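*Asks:* Sequence:
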Amino acid sequence: MRRGVFCFGATVVIAYAQLAFSQTTTNPDLSVIPRFRLESDNAKNSGDELKFGSPRFDLEETEIAIQGYLNPFARADIFLTKPGGGSEPIEIEEAYATFVRGLPGDLNVRIGKFKAEFGKLNPQHPHAWPFLTMPLVLDRFLGDGANDLGISASLILPTGDFYSRLNVDFLKGTTVQQIDPMSGDVAGGMGLKDLSNSKTYSAVAARAMCFVPVQESSDLELGLSGMNGIHDPYNKYRFTYANLDFKYKWKPDAYTSLTVQGEALMNWRTIAVGNPLAPTGSADMQSSGFYVYGDYQFQKIFTIGARYDRAQAPYSKDDGAYAFSIFAGYYPVEVSTALRLQLQRTSTDAGGVTTNVNMIAVQFMFSLGPHKAHPF
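In this text, residue positions in the sequence shown follow the numbering used here: the first is 89, and each later residue adds one.
One or more of the hints may lead you astray.
Claimed, not checked - Here are the computed lysine to aspartate or glutamate pairs in the EDC-like style, where the Cα-Cα straight-line distance is at most 16 Å: (1) Lys405 with Asp437; (2) Lys201 with Asp146; (3) Lys170 with Asp146; (4) Lys201 with Glu176; (5) Lys170 with Glu182; (6) Lys139 with Asp129; (7) Lys260 with Glu182; (8) Lys335 with Asp307; (9) Lys335 with Asp372; (10) Lys201 with Asp232; (11) Lys170 with Asp232; (12) Lys339 with Asp307; (13) Lys337 with Glu304; (14) Lys201 with Glu181; (15) Lys201 with Asp227; (16) Lys337 with Asp372; (17) Lys139 with Glu127.
As the list claims (entries may be wrong) - Computed beta-carbon distance windows for the label pairs: (18) Glu304 with Leu118: 31 to 41 Å; (19) Leu195 with Gly174: 39 to 49 Å; (20) Asn444 with Gln303: 33 to 43 Å; (21) Ser370 with Gly156: 48 to 58 Å.
In short, the hints are calculated from the structure, not lab data.
On a predicted model such as this, the values are computed, not experimentally measured, just so you know.
Every residue gets a Cβ at the ideal spot worked out from N, C-alpha and C, and that includes glycine.
Kindly produce the complete structure, drawing on both the sequences and the hints.
*Replies:* Pasting the structure below:
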């Protein structure tokens with residue numbers, strides 16, 4: 089009996105050691121996803137004439153994904169991006185390690201540089217979107233995608249028959265629009281860059297979500313997110329974002345599906361009156377924005393959809409914009425190759441002056457390797 093137990097234990101140890109060795113010595117998965125774009129608009133005519141300029145053909149971005157297990161308990165994901173097809177430098181979009189097992193309470197912990205778990209669309213890479221352009225509310229309030237250094241913890245909640253999860257990100261604090269006192273405007277997109285060479289302040293983001301089964305062939309995902317940090321490093325003024333998101337998907341078979349998704353964001357912040365370096369006072373303001381889209385898949389390889397956006401600016405309620413888009417997709421080889429078309433009309437109202445821009449764009453992309461567009 090003892091001999092049998094000993095042999096069984098030795099077998100388990102050897103098998104576990106072989107698994108750990110194989111997972112740490114095999115080459116990681118390598119994927120390359122380039123996105124090409126042909127685009128034209130009538131921005132020079134301010135939308136008054138439907139006369140489009142010469143089409144521009146660009147290599148939007150090339151993404152390189154390096155992914156694999158470090159050991160049975162942790163995996164690593166690195167995403168490098170090369171904007172354009174010229175001399176632009178290679179950037180580290182994300183680089184993090186995730187501890188997926190071995191922690192108490194089935195806790196998952198992620199450490200590194202990653203997209204904050206804020207809302208539904210922000211954590212995804214652009215190649216996973218069914219459309220070409222970022223919704224206005226995310227572009228205006230999150231810029232390049234709330235991408236920051238930090239530590240993230242994720243926990244499945246004990247909610248019975250339906251799946252729910254809580255995610256909390258502790259961030260370095262570079263995930264908000266920065267103040268540039270030299271221009272007096274918001275500059276630089278994402279990134280809290282302290283131009284006064286003082287301390288960098290941390291930020292925190294969190295999202296709670298749950299899946300609610302609607303019918304046998306459909307599901308509903310609901311999410312509530314929040315983010316808080318310092319947007320003005322000179323006066324230590326704070327901001328707070330609250331975001332509500334939903335995603336409904338109906339998929340009766342492998343050839344047909346309907347996705348309806350949307351997000352609404354509220355922004356509260358204290359802003360400086362006058363020059364941020366020498367303000368004459370402060371004021372509390374709030375602004376908001378939202379988007380909603382529907383995407384219908386038919387005959388497995390075709391999609392068609394529409395999106396509506398509306399957003400104010402982070403620092404002004406008087407600077408507003410809205411857009412309406414129609415988009416279509418052709419996926420001849422599932423998610424490894426895609427051809428997309430989008431028509432969008434954007435209207436911007438700033439200082440009582442309305443500017444309209446019409447855009448038409450075609451995107452071609454392919455995925456070489458296992459990293460594909462993310463499923464529902």
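*Asks:* Could you work out which of the previously given hints the structure breaks and list their numbers from low to high?
*Replies:* 2, 4, 9, 15, 16
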